[in-house]
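Number of protein chains: 2
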Amino acid sequence: MAAAAAPPQPPSAAAITLPESTPSGDTLFTRIRLATRDDVPHIHKLIHQMAVFERLTHLFEATTDSLAATLFPPNPPPSFTSFTVFLLELSSVPFPATTDRNFAPILKSIHIDLPIDDPERREFRSNAGDVQTIGNDAAVAGFALFFPNYSTFLAKPGFYIEDIFVRECYRRKGLGKLLLSAVATQATKMGYGRVEWVVLDWNVNAIAFYEQMGAKVLPEWRICRLTGEALEAYATDSSHICFIKSLQSDKCLCS
Amino acid sequence: MAAAAAPPQPPSAAAITLPESTPSGDTLFTRIRLATRDDVPHIHKLIHQMAVFERLTHLFEATTDSLAATLFPPNPPPSFTSFTVFLLELSSVPFPATTDRNFAPILKSIHIDLPIDDPERREFRSNAGDVQTIGNDAAVAGFALFFPNYSTFLAKPGFYIEDIFVRECYRRKGLGKLLLSAVATQATKMGYGRVEWVVLDWNVNAIAFYEQMGAKVLPEWRICRLTGEALEAYATDSSHICFIKSLQSDKCLCS
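Line by line, the protein sequences give chains U and C. The end of the first sequence is residue 255 by our numbering, with every number in the run present. The end of the second sequence is residue 255 by our numbering, with every number in the run present.
In case anyone wonders, no lab produced these hints; they're calculated from the structure. Hints are not guaranteed to be accurate.
One copy or two, it doesn't matter: identical chains are merged, so the pair holds either way.
[Unchecked claim] Computed cross-link-like contacts, SDA-like style, restricted to lysine to any residue with a CA-CA straight-line distance of at most 25 Å:
no.	residue 1	residue 2
1	Lys189	Asp201
2	Lys216	Pro41
3	Lys216	Ala235
4	Lys45	Glu232
5	Lys189	His111
6	Lys216	Ala230
7	Lys189	Arg125
8	Lys216	Thr64
9	Lys216	Glu196
10	Lys189	Pro119
11	Lys189	Val217
12	Lys216	Val93
13	Lys177	Gly228
14	Lys189	Phe124
15	Lys216	Leu200
16	Lys216	Arg37
17	Lys189	Asn127
18	Lys45	Arg101
Being a predicted model, the structure only gives us computed values, none of them experimental.
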């Protein structure tokens, strides 16, 4: 579930000011690109951090292997037609101009008013192939995972954003906007009709952020979820489940 | 949006008892199959009926052409990997045993306690190729439209049900259960982790039905939607949108 624009938290007491920490008044270069199988270890860590933030680690079952198998299958479908990950990277030097036949990376720069201490800079060093050319400086700061959905009223596909996440030390710098904008821009490029995601009703900061981005929060709809054993119950031959009862006798009338 | 288990409504005063109406105490045969491009006119009518029920006709923009183009493209992806429509048909005679390389139709029968008058039986006569062999008797009674979603916590795909709809005269006969069960069973066959959909919070009959089916309603999550002009705003070159403002001067610092 989405956790962008998470309520800001104070820096962890354990945060170490690394030599690479960004000095105040500096410029950081950002890149949003399509993730590849090489990025799975970082994606796994990011999802886990999101589970910690949402206090839902008891639901966290993903492994690097299961993520790789499901997000980056051996014969991948065309870009954007299935599960898609945008990875957000930051660097103190500009990213090289690269070409990607499926998606041209989005390059921007941001001005940093306050120093950023990234205690996990080394664990999140980018695995991008071109990272050598920029001196191994790039760090993975966040991601968005999305996939096509469909509106029958519009008769158009859209995108559903399952997750949008920025690591704690990089929040409140407009990076969530960069990720959300990248998905929305891609949707318009494809002629899609909607971009949707979900938010926790108590996360007023996130709701304010999303509304500022032009989104409407739908107050009346609730999510229904069939999972775990309740879903597994349907794995048995469906003739064993009583679907049809007589209105008169309450007797099973399944064929 | 889903509208299954809609609150039952009294039969329309305009309902005509056709000669084909089902007598009390009779058996009806049901079939759930993958829809094809030939079914688009019926799917279009069903979606419109759903919009009427939800009082959302002002949002209804689908045409048979736009549905055909988006649901049944010329080079369709493998079954169940994209937008998928299950069509529910009813007949007073058994459906022929057919084979479908992608999905074996689900055949059942239900016992009818009360007569059913279907005033639209002719408009909803099935377009299935094998309908001739059963005397043109089969009628389309409902549909479910669903597509893959993805849980990062489970690192597994699932299904999201955008719509599940049964025509008014066929409600309260367990047919919504048949459709929902068909999607859930398909999810388990594919090793998927979740089936999700949404419900209006005031639709207590639907909520009770879904809970009876094993689903949990998640009370805290709200849907965010970016659509129409708010989405189109992202179609312009994103460098024209200010993403990054200086915390000190409120000046645009976008690159």
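The hints, checked one at a time:
no.: 1; hint: Lys189 <-> Asp201; in the structure: neither (30 Å within a copy, 34 Å between copies)
no.: 2; hint: Lys216 <-> Pro41; in the structure: neither (34 Å within a copy, 32 Å between copies)
no.: 3; hint: Lys216 <-> Ala235; in the structure: between (37 Å within a copy, 18 Å between copies)
no.: 4; hint: Lys45 <-> Glu232; in the structure: neither (28 Å within a copy, 33 Å between copies)
no.: 5; hint: Lys189 <-> His111; in the structure: neither (28 Å within a copy, 50 Å between copies)
no.: 6; hint: Lys216 <-> Ala230; in the structure: between (32 Å within a copy, 9 Å between copies)
no.: 7; hint: Lys189 <-> Arg125; in the structure: neither (31 Å within a copy, 39 Å between copies)
no.: 8; hint: Lys216 <-> Thr64; in the structure: neither (34 Å within a copy, 28 Å between copies)
no.: 9; hint: Lys216 <-> Glu196; in the structure: both (9 Å within a copy, 21 Å between copies)
no.: 10; hint: Lys189 <-> Pro119; in the structure: neither (37 Å within a copy, 43 Å between copies)
no.: 11; hint: Lys189 <-> Val217; in the structure: within (24 Å within a copy, 34 Å between copies)
no.: 12; hint: Lys216 <-> Val93; in the structure: neither (37 Å within a copy, 48 Å between copies)
no.: 13; hint: Lys177 <-> Gly228; in the structure: between (34 Å within a copy, 19 Å between copies)
no.: 14; hint: Lys189 <-> Phe124; in the structure: neither (30 Å within a copy, 37 Å between copies)
no.: 15; hint: Lys216 <-> Leu200; in the structure: both (14 Å within a copy, 16 Å between copies)
no.: 16; hint: Lys216 <-> Arg37; in the structure: neither (34 Å within a copy, 33 Å between copies)
no.: 17; hint: Lys189 <-> Asn127; in the structure: neither (28 Å within a copy, 35 Å between copies)
no.: 18; hint: Lys45 <-> Arg101; in the structure: neither (27 Å within a copy, 40 Å between copies)
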